[in-house]
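Asks: Residue numbers (my numbering), protein chains in the order written: chain A, 136 to 295; chain B, 15 to 109.
Take these hints with a grain of salt, some might be off.
One side only, chain B facing chain A, incomplete, derived with CB under 7 Å [as the list claims (entries may be wrong)]:
no.: 1; residue: H21
no.: 2; residue: W28
no.: 3; residue: F70
no.: 4; residue: A84
no.: 5; residue: A95
Per the computed footprint, the stretches of chain A lying under chain B, defined by three or more beta-carbons under 8 Å from a beta-carbon of chain B, are [stated by the list, open to error]:
no.: 6; stretch: 138-145
no.: 7; stretch: 168-180
No wet-lab data here; the hints were simulated from the structure. Where is the CB? At the ideal position from N, CA and C, for every residue including glycine.
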Amino acid sequence: VWWFLASEVMVFGGLIASYLVFRLGGSGWAEASHHLSAPLAALNTLVLLTSSYTVVRAFVAAERGDGRALRVNLGATVLGGVLFLAIKAVEYTTEIRAGFTPASGIFWSFYYTMTGLHAHHRIEPRAPASRGDRRPLLALRGPRVDLPLSPPLSLVRTRG
Amino acid sequence: MTTGHAHPNYTVVWLWLVALLGVGLGASLVPGGRAVALVVIFATAFTKALLVALNFMHLRFESGLIYAIALIPVVFAAILAIALFPDFVWHAAPR
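Isolated chain A, as found in the complex (with noise of 0.2 Å):
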């Protein structure tokens, strides 16, 4: 599973590498980033953080064999990532209902690319989860987890 994340933090870490060159770089990014809500941002945020915390709860009930606490913590954790894209349509549709797309700048683009690609990894992770079955959940051996890492630009953005 490290392998797998060692990927994953090379593509986002490519990502943000990208997104901190433009945003030095560049100008406007402060004036679209005020159109962003940060309340959500960190809900979001908070979803993801207790996510996290119901997939290792659910990790060691599997490893106790308790199964109860394995379904209601899976269950939790699904509920999680559910929510999670929940709260990111209701940020999208406001966006675009307010006309920023992803053509309609730099800065929207690495919004849209960054979030989406984040929100697609909240899917993934969730779809062995749901099916109530604890082997895939075991055989990572540390259990899949979400890394803080996008909160912090969701919150600078706020910053402008």
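Given the coordinates of chain A, assemble chain B onto it according to the supplied hints.
Replies: Structure of chain B alone, referenced to chain A:
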């Protein structure tokens, strides 16, 4: 399969993560002091990532090889960012 080690107190770790989120959010909302806010936001983000990796992902119980696997791509990403710095320093668009 068991991990063969005692588990950290995940609830305490989660509470710390939430507290750090609050600190970062508070820093982003305080008017003025942009430089301080940026430092606080990135410091809390780094600490959160470290807490998650060490405790939730059990990195603290892993071998040196796993640390190397986890850290090498971070170094490469940093090299990428540093390598691109001259591009915007010398060719930055007017703000």
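Asks: Each of the hints needs a verdict: does it hold here or not?
Replies: Hint-by-hint comparison with the structure:
1. The criterion of a C-beta within 7 Å of any C-beta in chain A is met by H21/B, whose closest approach is roughly 6 Å, and the hint holds.
2. Hint on W28/B holds. Least Cβ distance to chain A is approximately 4 Å, under the 7 Å limit.
3. Hint status for F70/B: holds, given a least beta-carbon distance of 4 Å to chain A, under 7 Å.
4. Taken as an interface hint, A84/B checks out: its beta carbon lies about 6 Å from the nearest beta carbon of chain A, inside 7 Å.
5. Because the beta carbon of A95/B sits about 4 Å from the nearest beta carbon in chain A, less than 7 Å, this interface hint is met.
6. For the stretch 138-145 of chain A, the assignment as covered by chain B holds, since 6 residues bring a beta-carbon within under 8 Å of that chain's beta-carbons and 3 suffice.
7. Note: the stretch 168-180 of chain A has 3 residues with beta-carbon separation from chain B under 8 Å; the three-residue rule is met and the coverage holds.
Comparing the model with each numbered hint stated earlier shows that all of them hold.
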